[in-house]
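Q: In case you want the letters, here they are:
There are 4 protein chains.
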Amino acid sequence: MRKARHPAGWWTVMMGAAAGAALVCAARWATGDSQAASSSPIGEKFWPSEFGADDQRGAANRITPATVVSAARLIQTGQVYQLGRVYEYGMPLPGKRHFSLTIPGLPTGLPSGSNQMVSNDELFSGEIGQVGTQFDGLGHVGARINGEDYFYNGNKLSEFGDPYGLKKLGVENAGVFFTRGILLDVCALRGDDRLPAGYVISPDELTSCLERARLTIREGDVVLIRTGHGKLWMQDNEAFGAGEPGIGLAAAKFLTDHKVALIGADTWAIEAVPHERADLSYPVHQWDLTKNGVYHLENLDLEQLGADGVHEFCFVFSPLRLKGATGSPGNPIAIR
Amino acid sequence: MRKARHPAGWWTVMMGAAAGAALVCAARWATGDSQAASSSPIGEKFWPSEFGADDQRGAANRITPATVVSAARLIQTGQVYQLGRVYEYGMPLPGKRHFSLTIPGLPTGLPSGSNQMVSNDELFSGEIGQVGTQFDGLGHVGARINGEDYFYNGNKLSEFGDPYGLKKLGVENAGVFFTRGILLDVCALRGDDRLPAGYVISPDELTSCLERARLTIREGDVVLIRTGHGKLWMQDNEAFGAGEPGIGLAAAKFLTDHKVALIGADTWAIEAVPHERADLSYPVHQWDLTKNGVYHLENLDLEQLGADGVHEFCFVFSPLRLKGATGSPGNPIAIR
Amino acid sequence: MRKARHPAGWWTVMMGAAAGAALVCAARWATGDSQAASSSPIGEKFWPSEFGADDQRGAANRITPATVVSAARLIQTGQVYQLGRVYEYGMPLPGKRHFSLTIPGLPTGLPSGSNQMVSNDELFSGEIGQVGTQFDGLGHVGARINGEDYFYNGNKLSEFGDPYGLKKLGVENAGVFFTRGILLDVCALRGDDRLPAGYVISPDELTSCLERARLTIREGDVVLIRTGHGKLWMQDNEAFGAGEPGIGLAAAKFLTDHKVALIGADTWAIEAVPHERADLSYPVHQWDLTKNGVYHLENLDLEQLGADGVHEFCFVFSPLRLKGATGSPGNPIAIR
Amino acid sequence: MRKARHPAGWWTVMMGAAAGAALVCAARWATGDSQAASSSPIGEKFWPSEFGADDQRGAANRITPATVVSAARLIQTGQVYQLGRVYEYGMPLPGKRHFSLTIPGLPTGLPSGSNQMVSNDELFSGEIGQVGTQFDGLGHVGARINGEDYFYNGNKLSEFGDPYGLKKLGVENAGVFFTRGILLDVCALRGDDRLPAGYVISPDELTSCLERARLTIREGDVVLIRTGHGKLWMQDNEAFGAGEPGIGLAAAKFLTDHKVALIGADTWAIEAVPHERADLSYPVHQWDLTKNGVYHLENLDLEQLGADGVHEFCFVFSPLRLKGATGSPGNPIAIR
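Protein chains in written order, with the numbering used here: chain W, 1 to 336; chain R, 1001 to 1336; chain D, 2001 to 2336; chain S, 3001 to 3336.
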């Protein structure tokens, strides 16, 4: 009966046509919307940000030169883990998003010169920051309150929205994540092959993972949560997208209280789907991105880190500077 | 009269319709093509690669765990330089390439839940690995020899080409560039505001830059060449694309002899355009990518590195793992 | 001083960043917008449509089987005029719209079978219903009134808008235009090579054109207006897009009073740009599409019709049934 | 065991990776390809075309002004049938083709003027001439013979191919199809709900359909074949794409002998899939398009024509003038 009680996954919400979602949705842009976000975990006035009323970078501000130096010191063996998945035809895609990559011509460029140079390009079409391994920027998720769509730091979509790229909170503002990364292997903690969809990871479990790794979270850290759900990627895409284990609001608060810069996972939404509370839709996204300016990094490949038992590492991710974009693709790395 | 003698820029060649280029071009896929690449700088048989006959990574193999550890040691102050440009409407685009970024809906995702979550996506269309700051992979440039298009390690396009992504040499094979970076500031060396288009940088000039910086190139290094041409970006796009200063074959050989992994510049083609020899078309691309497996990184922003006089740094670039793509966008970083 | 007084062209308005436009623009989606459309030519309550409160087809309803039969009777010589322009690289594009057409692979499909079949596809990316020869559907233009965006028949964008295609007023509802076409050659009437940008065509001029052609408009007719501006297409794209001659509100009312189904022209907006009144933005679009459900067909090639002095003909246009699209490309035809 | 013997459908061949197809495929562009198209139905020298050695229009030349006048005379009741399907998310797509339609912004254009005009555009990405209802132009299908890809009239892809649109045989050359249409309702003839996949329609069946309708084919006619397979569209997309009934080479020759201009059907390939002969891949495409210059129109909706028993009508289709494209989308119509 779970399906009846819980909102459908990101997959469905993104299509904007979920029957279940409709039950709890106010009409879009309805100006007289009296359904205030009174039950919202982030409240009606969640700004200004602790990073300043004009800030557009959020928790990326926590990464200082000292953080960078400290993270670099973690590099002892020079082993690099690529955490980004291959972007390819047939990968899981939520809702109506698409991915197309083609090579015009083969070769694209005619032979020229006596050296007969030829060349190939590639054409990409798709929701570039929201397919495959993806980084959620601060323009990605907000909350409708009294008919306005509010995003990080109280920015109103009616003011910073633009069909050709957001005028504020674009991913080009995020900067570079060069900091310490911590793997919290909840999957290993529980001894499961993978945590089931809807499994809500608790703060206690995060604490246990930290204790096992003999680590404490420091300001500016990147925390990556391994659930094992990533094993389904390209193996059972339907199951991958139908739901997922993840943190709930309690664990999200635990992490933001510890002042992390970014939370990543081997899932498509970081948070448990179906959600803990059926009436809330992606509350962790709102808590992290909208209220706290803490970024998400989704669809990571954490299997090798987990297999090697690597819990502390130098983490590097440099989002594409796509002007006004809500997210970025990427191939984040862990180095130890 | 320069225009008559020299092949037009990348801008034009990519359009496949350059009148000048046509003079020296054999018909495309002409099977009876007797115009062998005899005058080619890379010769008719440039394989197997020194990295093995099956290798698809080229000079990225030069980056070992020891390289990584060594590069990390260069991080002393924690200052991060973003070398990638902002991808935006109106940036210089060669030939018929395009760039489009839009936000479907605003918001894209309907308010859902009692917390009234809303969300935005972005749609991208364009030659993703060949616009803006771009990384040239080993499937990007080849040579037609006796009617076949040969790429790195002797791979024939007729065998690895695929309209939906190359079956070999795709950028997903490149891996991560975490290594030492060296800035060779030829612009500063010459005391110019920017080097003029067509200026051919010599090996001696590279040597002088190294001496001034008291550095020698080591295997696996990334070398970034500052010409000042990047100052034209978004300031005078027409001049930016009409030509550029850069290395010629002699300097390219100097760099590949020193076993670099990647060559970057603040230009769109690394090499001088118009070219040193009018009969050769992008010979440095062929020399580096096709023969030596050495990567290119174009349209970098090197102004701040230059202004700060930073010549040695930890360089990090992690290409998108776009399956079968010829290149990747990116935001490479330098850290000191 | 014209530029200061008049709103910039469609080209600019579409970019959403026209400095001039900003002066008279309320903030987007501003819910407390007190700047009612009091001066709007269509008023604050322009619905229900004469075609019924649930109608989504507008003036296309005027084309009945009798209209079709009657139009077919106009075909006497069998001469067909293609009124659609070629969609090609380098054609005029307003604002940030783009057009990309590529052939993946060449060939796209591998040789197969002992008959060695090969095949090509083409990939298109662009604002398909709003580039080149284009048909404006009823979801294209509306009016913001008290914070709501109202379209034809009082439909609110907040209710029928959807990021993946409009839920109402999509071009798939328009049906087929098989009816009588009338060419009103205002350019010939005035004896000009082409009418200048900003020239406002009057009802009297339309009447004179009709008299010269010894025609009267009948319900369901398609009226095509030749201004000569189309001569600039692909000859001087900058001038083509900078402004245009066209009808003003008076002539638009003349045509809707005569119950036409569609108005076409050899311009990009049918109406004069700069506009007759500097304070109104594309008022003819609102009058025709939003209030009266009368369609527009832009960027037509009317030169041959004009040269041959063809004023009455069978007109056929069958929009692509793109679900939820605001417009359609096309190659409308005139047959006599 | 059918699957083992027969080549997979268009769906698969288009992906260029069909295991079955590989068995009979020569390497792509293999210049030394000794596997001549000796068993090809079109032979090794199928040109020049009967329409002249330089012709690019093929059988569209058969439509003369007299044809147009004659077709117009068939319009007696004014009833219009739309034969084009709705282009929508979720429609059947072969291989790796995609379809994406989005509305940037909602609205795309900011309110401007005191009349507060707003506007919407739509963005399309996809293989525009090869998804949904589609018209196959003469650049779509060819034959590899001795290492060259030959298309209609002996044009070599190595000479007219271009990554940004074919330099010859582009769909912009086809012109307008305004001619008599004939429905051959083989499904009704056989009294089936729909013909099964792989069913090969014979010339005798076409003759029987003509006799039942008391019609004979005339030069320049458009022949539409109803199989009932179209009932599966958007009802069972998997079955729709897995195979289809259609004509074989014998019926194709029957139609080209009768000098038709275009053949349409309610299927995705006109011809039977699996094919009659397992060793030939889409031989009817080659016969019609490559050798005879006779066009195809696929994925038509012929149900209403069939239900109404309409066998003779005025047929109108005006392809988009997409420069260098291999096909066109459309909404062809039948009028009686």
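Hints may contain errors.
Stretch by stretch, here's where chain W covers chain R in the computed footprint (C-beta under 8 Å, at least three residues) [unchecked claim]:
hint, segment
1, 1076-1085
2, 1139-1151
3, 1158-1166
4, 1207-1219
5, 1277-1291
Below 27 Å or equal to it, Euclidean Cα-Cα: the simulated DSS-like pairs (lysine-lysine) are [what the hints assert, rightly or not]:
hint, chain 1, residue 1, chain 2, residue 2
6, W, K156, D, K2156
7, W, K167, D, K2156
8, W, K167, R, K1253
Because the hints were derived from the structure by calculation, they are not lab data.
Remember, predicted model here, so these are calculated numbers, not experimental data.
C-beta atoms are modelled at their ideal positions from N, C-alpha and C, and glycine is treated no differently.
Q: Indicate, hint by hint, whether the structure satisfies it.
A: Against the structure, the hints come out as follows:
{"no.": "1", "hint": "1076-1085", "in the structure": "holds (count 8)"}
{"no.": "2", "hint": "1139-1151", "in the structure": "holds (count 8)"}
{"no.": "3", "hint": "1158-1166", "in the structure": "holds (count 6)"}
{"no.": "4", "hint": "1207-1219", "in the structure": "violated (count 0)"}
{"no.": "5", "hint": "1277-1291", "in the structure": "holds (count 7)"}
{"no.": "6", "hint": "W:K156 to D:K2156", "in the structure": "21 Å, holds"}
{"no.": "7", "hint": "W:K167 to D:K2156", "in the structure": "25 Å, holds"}
{"no.": "8", "hint": "W:K167 to R:K1253", "in the structure": "45 Å, violated"}
Violated hints for the displayed structure, listed by number in ascending order: 4, 8.
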